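K.L.:
Chains as they are written, first to last, in the working numbering: chain A, 157 to 607; chain B, 157 to 607.
Wrong hints could be hidden among the right ones.
Pairs count within a copy or across copies, as identical chains cannot be separated in the list.
Derived DSS-like pairs: lysine-lysine, alpha-carbon spacing no greater than 25 Å straight-line [as the list claims (entries may be wrong)]:
#1 LYS591 - LYS351
#2 LYS318 - LYS591
#3 LYS351 - LYS453
#4 LYS318 - LYS593
#5 LYS471 - LYS351
#6 LYS593 - LYS351
#7 LYS427 - LYS567
#8 LYS593 - LYS471
#9 LYS453 - LYS570
The hints are simulated quantities; they were obtained by calculation from the structure and are not laboratory data.
Computed from a predicted structure; not experimentally measured.
There are 2 protein chains.
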Amino acid sequence: MLDCSGVSISSVPEGTAVFARVPLLEVSGPLAVVQLLETSLLCLVNYASLVCSNAARFRLAAGSKLKLMELGLRRAQGPDGGLSASRYSHIGGFDTTSNVMAGRLFGVPVSGTMAHSYVTSFSSLEEVWPRVMMPSGGGEKVDFVTLTIGWLRRVCDLLGVKAENVHEGELAAFLSFGVAYPQNFLPVIDTYSVKRSGLPCFCAVALALCELDYQPVGVRLDSGDLCQLSVEVRSVFAECSNHFGVEKFLSLIIIGSNGLSEQSLCDLNAKSEIDMMGVGTHLVTCTHQPSLGCVYKLVEVSGQPKMKFSEDSEKTTLPGSKNVYRLLDSEGHPFLDLLCLSDEPPPAVGQSLQCYLLKHGNTSYCVTPHQVSSLRQNVFSSGQITLPLSSVAESRARAQNSILSLHPRHKCLKQPDTYVVAMSEKLYLLLCDVKAKNSTAGNFLCKQEGL
Amino acid sequence: MLDCSGVSISSVPEGTAVFARVPLLEVSGPLAVVQLLETSLLCLVNYASLVCSNAARFRLAAGSKLKLMELGLRRAQGPDGGLSASRYSHIGGFDTTSNVMAGRLFGVPVSGTMAHSYVTSFSSLEEVWPRVMMPSGGGEKVDFVTLTIGWLRRVCDLLGVKAENVHEGELAAFLSFGVAYPQNFLPVIDTYSVKRSGLPCFCAVALALCELDYQPVGVRLDSGDLCQLSVEVRSVFAECSNHFGVEKFLSLIIIGSNGLSEQSLCDLNAKSEIDMMGVGTHLVTCTHQPSLGCVYKLVEVSGQPKMKFSEDSEKTTLPGSKNVYRLLDSEGHPFLDLLCLSDEPPPAVGQSLQCYLLKHGNTSYCVTPHQVSSLRQNVFSSGQITLPLSSVAESRARAQNSILSLHPRHKCLKQPDTYVVAMSEKLYLLLCDVKAKNSTAGNFLCKQEGL
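Kindly produce the complete structure, drawing on both the sequences and the hints.
P.N.:
Right, dumping it as structure tokens:
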């Protein structure tokens, strides 16, 4: 019978920051079975790791305060790609997703605003229904439309906006939304023109909500110069707060969305008044690097170390079953990942050890770890899961702590120092041995002479 | 009850070549219901159209003779993203997929070769089992290992290859594969060294198969300079054929894979001896343009035309329910797609008509179509599918015919002419009207004075 009852897997826990050429998983079991797992495992690991890393870069670009909202479903590779994107973006550092299925399946907090089509679907104030609502604290119902129109006049006067430029449909849409969701009023304000219509309409409805003791949430900007617009919107909020004595306007938030990339996030973060960014396309498609090249290679058969040589040295693999140790410096920052053969003892804390850089052949290197942790855990043995699966929240906490522990020189977004991945002396000697044997691999022809 | 019983959809048939700003789908029905469909439809249309277009570009780059094999599952956004990639790459012009599930679900022809781990799993000729096989025409079993070793000596002599560089494990792997699949012998030959080991091993096993009246298929190259290697491999095939009098070596194929892009395909196509290309990463992730920006916008409510203005003119939409017509020139090439209001009659063949370019506001344009076709069909009405769904094979035929019909100036890969998409005069006048109304949208405030 063909099943995974003879398969064991050791794996880096989900959410751990890892570096190039560190083996993330080691799968052992009957040769034919583990060969069949190749593409399935690569498919499950590659995109998840890629989008999680991309999300972590967005988080680093945004800093810790800015909220990040994932909006990528419409640009993902189908519904399942979208769910993977939501799950792993959250682990990488995004706060919320617009994918309600991801909320339901994985517990990722869900957030969203309003579609432009909601705004454009309204033409006239006559479409607003109901027109009345109760104040937050209860009491008599108030004509919310009339109340808001009064505020709109004052807002137009204050801001010097021409009343004839305000779009009746946009006001009707905001009114309808405000009546339905007075605690969650966060419209998109760029459907017609932010300054001439969207912003005055928002302020009018929000002021009416404040008068009824509700707290409006804020606005979303989805086009134009987000940085400049956010500064202007913030200043209008301050002006309204000041002029009308409404403190609640000081806690309104501004959400920005519109093709945001890692770079635009860096730029916006420095100068804008945006509190929360919605990111879709560039997050889920990982525009900057749309694929991750994890591979699955044979390292040992029946105790015999194996490796692939290839015509490209980049594609050459390291032989033998391995353990991976992360070495930390005196400040608790990881500084080197060490690949050892699985029968070697772990590196000892405080003792110097010699190792060999992966990239530069026989350059040796002497290091003394202040702390050592084993990167992989046995997660699957004899066909059974042996460690409970991490929840998304646990993986997210692990990812954020793992990234936090990195030295700034390794996690700066531009030109970071290369993190060192090295081999133990024993692994290095094995590599030399397998290479040497490979160059005399054809001796069998001489042996066969006796045939 | 919330369902799609009131929804109707007209759609461009799957596989039709389309151009930017042509509305692919028109969805009508109860406002709240069709608003809920936005993200689902975009998710299903965007990536499918993107990867299909990308595959079509690879097909144009490869020319019509070269076979294209899709190998992208491991770099796709999860299993479902991989299936979408296989399905739509085939429609776009790929011949086969390595995803056997796509073969089963969609009938895409499946093909593949051999993994490097299969090759590296072998060390010694003692692992080859069974060692004997029957000739293709039947008869006494032959010791296939001894037969092949004899051929290997002759090949090494002919090619001037040192026998001690031939990797015993690689020969053992090829022998095992050849015994198991004598009709389908197509190994990957770059595991150790193409020229020193992989190619001589292949020739030896293939010559032994030929001696037993089988037809070996060919080789796969997965690293190094594919162009140069393929030329050398082809010349070795010719040399063997000539020297050993084995004509079957003239019909061997060479498959190339290894991070192939549209550009590398163009380059290889011109000079290499490769018959079939395997493409994964750059196909499924669409590296060149990793997302397609289809949007879903409201165009009409209760007979009232609607549009979004936005702070970015690129994001402005066209109002009103529309039909789309493709206008063909006297040679049968499409030259213009015309957006009309849905109550307009179709453009008449042979009659000149005035239209307005989408991009350049009020530039008008006079054209006379020699043929006219309606681009969209009613596919869903009152909650029911009204046209049978296309099979993958039908969509593929439509796509290939649709691309074939395009004028070369529109489908050349570099700097193609922009295909013209235009509005009818009636649609243009409606657009002007809605814009004008938008600029006086605030009159309601004056109307409200009476309150």
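K.L.:
So, for every hint listed, does it hold in this structure?
P.N.:
Hints, verified against the model:
1. LYS591 - LYS351: Between copies, since 17 Å is at most 25 Å while 69 Å is not.
2. LYS318 - LYS591: Classified as between: cross-chain Cα gap 17 Å, same-chain 79 Å, threshold 25 Å.
3. LYS351 - LYS453: between (58 Å within a copy, 22 Å between copies)
4. LYS318 - LYS593: Between copies only: 15 Å across chains, 84 Å inside a chain, cut-off 25 Å.
5. LYS471 - LYS351: between (56 Å within a copy, 17 Å between copies)
6. LYS593 - LYS351: between (74 Å within a copy, 18 Å between copies)
7. LYS427 - LYS567: within (22 Å within a copy, 43 Å between copies)
8. LYS593 - LYS471: For LYS593 and LYS471, only the intra-copy Cα distance (19 Å) is at most 25 Å; the inter-copy one is 63 Å.
9. LYS453 - LYS570: neither (31 Å within a copy, 38 Å between copies)
This entry does not satisfy hint 9, going by the numbered hints stated previously; all others are met.
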